[in-house]
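Undergrad: Residue-level listing of the chains:
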Amino acid sequence: EPEVTQTPSHQVTQMGQEVILRCVPISNHLYFYWYRQILGQKVEFLVSFYNNEISEKSEIFDDQFSVERPDGSNFTLKIRSTKLEDSAMYFCASSRARGTGELFFGEGSRLTVL
Amino acid sequence: DQQVKQNSPSLSVQEGRISILNCDYTNSMFDYFLWYKKYPAEGPTFLISISSIKDKNEDGRFTVFLNKSAKHLSLHIVPSQPGDSAVYFCAAHNNAGNMLTFGGGTRLMVKP
Chain A
243 EPEVTQTPSH QVTQMGQEVI LRCVPISNHL YFYWYRQILG QKVEFLVSFY
293 NNEISEKSEI FDDQFSVERP DGSNFTLKIR STKLEDSAMY FCASSRARGT
343 GELFFGEGSR LTVL
Chain B
182 DQQVKQNSPS LSVQEGRISI LNCDYTNSMF DYFLWYKKYP AEGPTFLISI
232 SSIKDKNEDG RFTVFLNKSA KHLSLHIVPS QPGDSAVYFC AAHNNAGNML
282 TFGGGTRLMV KP
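In the order they appear, the protein sequences are chains A and B.
Numbering follows the numbering used here, in which position 89 of the first sequence is assigned residue number 331; successive positions increment by one, without gaps.
Numbering follows the numbering used here, in which position 24 of the second sequence is assigned residue number 205; successive positions increment by one, without gaps.
With the rest of the complex left out, here is chain A (with noise of 0.2 angstroms):
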């Protein structure tokens, strides 16, 4: 059965640094996520992308992230200058048709920030 991968799966880095999560959606997926879930918290969405642009954002999703899909397989999330409080697990999303709701996520990158 086909599933999106994510790598790394865990990542240690020092406050200030830059980070890129890398994931690889589903072969025939159209439209791509990133969500996080800090720990105990809630799961929640950072952004959405199709057409090789950003369709929806949330508030969390600020200068600091950004998103790119530099080739035809593979969507990454940086954070240019990572804070204490972007530690979460960050799960990547794919979905064949937006409205749906019907996403398939990876198993998540837990990003730890010292």
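Note that these hints are calculated values from the structure, not bench results.
Quantities reported herein were computed from a predicted structural model and do not represent experimental measurements.
Careful, some of the hints might be misleading.
Only pairs whose alpha carbons sit at most 30 angstroms apart, straight line, appear in this in silico DSSO-like list of lysine-lysine [to be verified]:
1. B:K249 with A:K299
2. A:K299 with B:K235
3. B:K249 with B:K235
4. B:K252 with A:K299
With the hints as your guide, set chain B onto chain A.
TA: Frame of chain A; chain B shown alone:
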């Protein structure tokens, strides 16, 4: 932000019995509701959904009920199995978008 709430952080049920997980929402613009299941060290997995034009959707052992006037939905699992033990998230979205708003989750434990 409490637009989607799951008031029970955990639920314990005997194998073979019914599990009922509840979810309340406040945003009347939500028009599509979903349940996701999450095992430890995995991402959420889509389980079942319901459009706001329906009040019930069934898929095998899983049934979702929507009460729009009460802004409440529930997930019924019958019969419950030990493999159903996981965290269940209620989620909602509106305007044909895919920006999901999640509840806080309910940890279901099904005892053999």
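Undergrad: Is the Cα-Cα distance between A:K299 and B:K235 30 angstroms or less?
TA: holds, 29 angstroms
Undergrad: Please verify whether B:K249 and A:K299 have alpha carbons no more than 30 angstroms apart.
TA: Holds, at roughly 27 angstroms.
Undergrad: Would the hint linking B:K252 and A:K299 be met if the CA-CA limit is 30 angstroms?
TA: Given pair B:K252, A:K299 holds - Cα atoms ~26 angstroms apart, limit 30 angstroms.
Undergrad: Assess, step by step, whether the Cα of B:K249 is no farther than 30 angstroms from the Cα of B:K235, and give holds or violated.
TA: holds, 9 angstroms
Checked against the numbered hints above, the structure breaks none of them.
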